[in-house]
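Next come the chains, spelled out residue by residue.
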Amino acid sequence: MSDALEAGASTFVDQFPAESKVVRAALWSSFLSLALGAVFGIIQSLHRTDVLRVFESADYYTILTAHGVLMVVSFTIFFLVGLFTWAVVRSLDRPVENIRYTWTWYGLMVTGSLMAVIAILGGFVDSTSLSADVLFTFYAPLQAHPLFYGGLAIFLIGTWLAGADWFRSWWAWKQDNPDERIPLQTFMVLVTMLMWYIASIGITIAVVGFLLPWSLGLIDQVNPLLTRTLFWFWGHPVVYFWLMPAYLLWYTVLPKIAGGRLFSDPLARVVFVLFLLLSTPVGIHHQYLDPGIADGFKFIAMTNTMFLLLPSLLTAFTVVASVEHGARQRGGTGLFGWLRALPWRDPAFTGMMLAGLMFAAGGFSGMINAGLNINYLVHNTLWVPGHFHLTVGTAVALTFMAATYWLWPQLTNRRLYSRPIGLAQVVLWFVGMALMSNAMHVAGLLGVPRRTAEPQYEGFAFEPMFGSIAELDIQLAVGGTILFVSTLLFVVNIALSSGTPRVSGLSSSLPPALSGPNDAPQVLDNIKLWFGIAFVLVILAYTLPLASIVSRGGLLGPGGDAFPMIAAPIKSTLTPILSVSVEWLGGLVA
Amino acid sequence: MKQTSSAGVPVGSAVLFVILWETRSALGMLLRYDTNVVSYMLATMVIVGLIAIGLNIGLIGREEPANDEST
Chain A
1 MSDALEAGAS
11 TFVDQFPAES
21 KVVRAALWSS
31 FLSLALGAVF
41 GIIQSLHRTD
51 VLRVFESADY
61 YTILTAHGVL
71 MVVSFTIFFL
81 VGLFTWAVVR
91 SLDRPVENIR
101 YTWTWYGLMV
111 TGSLMAVIAI
121 LGGFVDSTSL
131 SADVLFTFYA
141 PLQAHPLFYG
151 GLAIFLIGTW
161 LAGADWFRSW
171 WAWKQDNPDE
181 RIPLQTFMVL
191 VTMLMWYIAS
201 IGITIAVVGF
211 LLPWSLGLID
221 QVNPLLTRTL
231 FWFWGHPVVY
241 FWLMPAYLLW
251 YTVLPKIAGG
261 RLFSDPLARV
271 VFVLFLLLST
281 PVGIHHQYLD
291 PGIADGFKFI
301 AMTNTMFLLL
311 PSLLTAFTVV
321 ASVEHGARQR
331 GGTGLFGWLR
341 ALPWRDPAFT
351 GMMLAGLMFA
361 AGGFSGMINA
371 GLNINYLVHN
381 TLWVPGHFHL
391 TVGTAVALTF
401 MAATYWLWPQ
411 LTNRRLYSRP
421 IGLAQVVLWF
431 VGMALMSNAM
441 HVAGLLGVPR
451 RTAEPQYEGF
461 AFEPMFGSIA
471 ELDIQLAVGG
481 TILFVSTLLF
491 VVNIALSSGT
501 PRVSGLSSSL
511 PPALSGPNDA
521 PQVLDNIKLW
531 FGIAFVLVIL
541 AYTLPLASIV
551 SRGGLLGPGG
561 DAFPMIAAPI
571 KSTLTPILSV
581 SVEWLGGLVA
Chain G
1001 MKQTSSAGVP
1011 VGSAVLFVIL
1021 WETRSALGML
1031 LRYDTNVVSY
1041 MLATMVIVGL
1051 IAIGLNIGLI
1061 GREEPANDES
1071 T
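Going down the list, the sequences are from chains A and G.
So in this note's numbering, spot 257 of the first sequence is number 257, and the numbers just go up one at a time.
Just add 1000 to the spot in the second sequence (first one is 1) and you have this note's numbering.
If you are wondering where the hints come from, they were derived from the structure by calculation, not from laboratory data.
Be aware that one or more of the hints could be misleading.
For each label pair, taking beta carbons as the anchor points, the in silico distance ranges come out as [what the hints assert, rightly or not]: (1) S1006(G) x G505(A): 20 to 30 Å; (2) A1043(G) x G331(A): 34 to 44 Å; (3) I1047(G) x A172(A): 54 to 64 Å; (4) I1047(G) x P291(A): 47 to 57 Å; (5) P291(A) x S1006(G): 55 to 65 Å; (6) I1047(G) x F317(A): 23 to 33 Å; (7) N1056(G) x R328(A): 20 to 30 Å; (8) L1016(G) x F462(A): 27 to 37 Å; (9) R451(A) x S1006(G): 35 to 45 Å.
Derived coverage of chain G by chain A (criterion: at least 3 residues anywhere in the stretch with Cβ under 8 Å from a Cβ of chain A; other residues may be distant) [as the list claims (entries may be wrong)]: (10) 1014-1020; (11) 1025-1033.
Facing chain A, a subset of chain G residues (Cβ under 7 Å, in silico) [to be verified]: (12) A1007; (13) G1008; (14) P1010; (15) V1011; (16) V1037.
Only a predicted model underlies this, so the values are computations on that prediction, with no experimental measurement involved.
Every residue gets a Cβ at the ideal spot worked out from N, C-alpha and C, and that includes glycine.
Given only the sequences and the hints, what does the whole structure look like? Please build it.
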């Protein structure tokens, strides 16, 4: 990578001004989505807790869909394409091969997003047929306007072309550096994109093959179970598509801010390879309560999911070791005393550390979700949003916001408007999310449902184990409000940073790992091999369940058998015996 | 260290607040031990506040050489 960049002499924008524009545009798209998504977030948290209602409950699903799609599709993915462009260009130390191509995929993503958001917001306008109240989990039987599915398809194509852009850069770099190991950040980006390409197969078939023709009226019906399964084929690995950029930041940026160096480059590569292998053949764990999928397939999905804990535990070890190394470099001593030597006043550092802390809690609640039997306790309750607000809503979102405080000056040559506001923002997010998520988890355990504007039922009261349901509602509303304030502080701080004077000397280099890439086996860089194994694992995990779903329900049929599935094997076993018996009895009578 | 500690106080206070508050849920869910929400919240705030003040004026913790870095 560039000597000038690594020596801290020049910033990214000094070296790569054209690429910086793309990265800034992607990040601004991300932040606008975040701000708009946060508005819908505060509306729904105040609505379902009955604290303040500014919309009719009939509009709740429009609000919920807008919140979900803006936050977990637009905010996260726009941020990560900007981050990945920065990471590839920086670590390969070469501009993109064709900046017009780069703007093209960005333009496609913007176009797709606008189409999807317009379709969703159309739900507020009674005089139009536009509507997409299908939630982020947009499978059948809920149906959206074709504009929504078309927008999603175009957005997806944009991300594929973005990945091709980064592969193209790597390929060109490889021709000039045939004997060098892939730089760590580029390796992370490429492996993440391979995972994304495999995962996208499911959603592409679901949207282009079924949902879009269905919404256009070209086909009369679809198989709901098939579209659900194809959605979750993509719907779980997309979680890692959000998370792996956060990991990239924890591995390569956080140790530097802590004052140290990454503990192990090889371990980081192993973690990303494990995510490529394991993140896709697990999606059926979202369908434990779906009739029509045999329990054996669900058990396999659960087992694969539990293996996914390994890369996260490896990450916890590596990142904490790297941060501890940084603290000791800064003079920290003692068993825990080194914690005091860390740069807590830096919002980038504090935000990422608090995000990691929350992720640990999210990992534990995720294990509950993943358990085949205990999942029945929390399925479709408020526990589930409580879980993913800790993972994507904090581990990912807070890491992205915190990293922006470090990255933004290098993309603009402008100082952050206010570091104290930044610090307050990340701490507020932590406290707000702790309150909101805690209330959601507890309410979920009591059986309070998710995805409803009116969680109370007529003539029925949830029985709290402690406190009261009203208290949980207040906690949720207060937490949601604090999160909204935190989002505003973030967006305003970054917006005001654009008005600060341009200065020099803001460059911040990334030091090499303590254990560098040459300590890693060469095979780790064989991304074709890992892609092939990942592909085979997905075929093994999904061929039989999909064949079973299609054989019973048809590609376009209603699909699905009654629950419990035990009825099907019993029937299929008894029918031949009965028919033979009837034949034998018939023979006797004759 | 002085600068680091001054930022560490609000960060640590936030973490302590979350730990104490979530302990209430753990007591309720695991042991069925109900606590009065207002009293518990007030007690939590008082404990966090006192520790934050104690750290701030040096009653708790010890000074170490400064070695902070800005981004």
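- Message: Name the hints, by number, that the structure is in violation of.
- Response: No hint contradicted; all consistent.
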